Amino acid sequence: MNPLRPIGAAFLGFLAATGQLSMFTSTAIWHCVRPPFFFRLLVRQMIDIGYYSLPVVGMTTLFAGMALALQTYSGFSRLSAEAESAIAKVVLLGITRELGPVLAGLMVAGRIGAAMAAELGTMRVTEQIDALTTLSTNPYKYLVVPRIIAGLTMLPVLVFVGDIVGVFGGYIVSVYKLGFNPGLYIKASWDILQAIDVISGLVKASAFGFIVTLMGCYHGYHSKGGAQGVGAATTNAVVSASILILITNYIITELFFST
Amino acid sequence: MTDSKTTSRTAPMIRLDNLHKTFGSKTVLNGMNLDIPQGSSLVIIGGSGSGKSVTLKCILGLLAPDEGDIFINGESTLAVFAATRERTNRNIGMLFQGAALFDSLTVWENISFGLMQGEGMNRDDARDIALEKLVAVGMERKDADRWPSELSGGMQKRVGLARAIASNPAIMFFDEPTTGLDPVMADVINDLIVNCVRELGATALTITHDMASARKISDRIAMLYQGKIIWTGETQDIDHCDNAHVDQFIHGKINGPIKMNLRVA
Chain A
1 MNPLRPIGAA FLGFLAATGQ LSMFTSTAIW HCVRPPFFFR LLVRQMIDIG
51 YYSLPVVGMT TLFAGMALAL QTYSGFSRLS AEAESAIAKV VLLGITRELG
101 PVLAGLMVAG RIGAAMAAEL GTMRVTEQID ALTTLSTNPY KYLVVPRIIA
151 GLTMLPVLVF VGDIVGVFGG YIVSVYKLGF NPGLYIKASW DILQAIDVIS
201 GLVKASAFGF IVTLMGCYHG YHSKGGAQGV GAATTNAVVS ASILILITNY
251 IITELFFST
Chain B
1001 MTDSKTTSRT APMIRLDNLH KTFGSKTVLN GMNLDIPQGS SLVIIGGSGS
1051 GKSVTLKCIL GLLAPDEGDI FINGESTLAV FAATRERTNR NIGMLFQGAA
1101 LFDSLTVWEN ISFGLMQGEG MNRDDARDIA LEKLVAVGME RKDADRWPSE
1151 LSGGMQKRVG LARAIASNPA IMFFDEPTTG LDPVMADVIN DLIVNCVREL
1201 GATALTITHD MASARKISDR IAMLYQGKII WTGETQDIDH CDNAHVDQFI
1251 HGKINGPIKM NLRVA
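Heads up: the sequence lines are chains A and B, in that order.
Each residue of the first sequence is one higher than the one before, starting from 1 at the first, in the working numbering.
Each residue of the second sequence is one higher than the one before, starting from 1001 at the first, in the working numbering.
These are computed hints drawn from the structure, not numbers from a lab.
Hints should not be assumed to be uniformly reliable.
Stretches of chain B that chain A covers, calculated by requiring three or more beta carbons in the stretch to come under 8 Å of a beta carbon on chain A [to be verified]:
| hint | segment |
| --- | --- |
| 1 | 1056-1063 |
| 2 | 1097-1107 |
| 3 | 1111-1118 |
| 4 | 1144-1155 |
Fair warning: this is a prediction, and the values are worked out from it, not measured in the lab.
Don't be surprised by glycine CBs; every beta carbon is placed ideally from N, CA and C.
Construct the entire structure; sequences and hints are all you get.
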């Protein structure tokens, strides 16, 4: 057997998958801007993504902020006498620019992306998606569009809340464990805060929301076979969304903060 | 009759013209021709993997054939705008093999889904029609607010049938309607199909390999083998046809021209 054959087959498979994803993405975006819209489904998805993800995102960013404050103290106290203000600045910038959006994106990928892939995958293998078509209902409009719009709009809300909770986590550790002055800590945080820090995080959040819901819908929509196919779709949705989140995070950081 | 391209005195409601469909190296449909006259009930029989489901999916627009054309009511359904296809689908009712009920919706919402989402009917009117159709398939009104997961396989099939007839379609498709059901429930479903099709005056196409079901619900039977229709005829003629493939299939014989590619241990 020709040893190049598996490499060629894998490459052709990659090209086919890329083409299929591009078609899926462009079709989904096209339907996002064309009526009719299913507003009840959109609200249901917004509640599912926004409201029910709040505890997960809140807990994640709270403890990330607390750990960041502790780590910064243990590192910076050796380098600088002004550890108090340095910790406040690092926690605020770290949470709003990076940790808030990335952690929220990854947590939502695990919670929502997996659920979407499993739900749509099950609908695919049980012919429910075919049934939608026979009932004159476009599956993109009914299943994909509400999820993508909900992801685009609710991730920034989650990240905004996560930013506040994360900074509060740093405050708790700094004030109650390390004994810093609360007033000085808040003043240092406020002084360093710029609109671009929060805005860049919210832009990232919106992009991550799109990625998570797109990957969940794409892998679920194209799942094959039975339970094994749905399981593979779920895994692929989470893995691909996580990788794309980290890549997109770097690209957006480069766009906002590259000098 | 052994001609694969049937002709009819009335204009066919559905016409399949030289359909070809290939998946990778496997040819599933290989120049399939079939006419289904208006108001008739035709059953396509054939072994597993013979292309019955692919044929149905091509007619429904869920798969695109590689070659050939499909006409519904005289109009080609291929290469048309999505809105045109959706309009065509409004005249079609489909009962899926596993019922394919939406598990996030109640029974009545499943039945009236096409009315509410496809035709924009308000919920109150749609619920009234759903209850009427639920009774028509032998279920009780109190079942309307149950979830699909709470129903038995036979009940799910009946709800699927109620959903298929909710918009009083002119064309109905049934995909293996009795698969997975006990003989008594299978007969109940067969009776319901016959009654629904007769009352609606619909044109019906069923795919099955259940010969008891095929004999009961069809006016005509067509046999699909190796991607082509190899026999069509009146239902009562199938036991006397001179086609060896059909004879082997309907009597379930191991020996005959149909080879199953079984490896003997």
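These are the hints, each one checked on the structure:
1. 1056-1063: holds (count 4)
2. 1097-1107: The restraint on the segment 1097-1107 of chain B holds, since 6 of its residues have a Cβ under 8 Å from chain A and three suffice.
3. 1111-1118: holds (count 4)
4. 1144-1155: violated (count 0)
Hint 4 from the list above is the single one not met by this structure.
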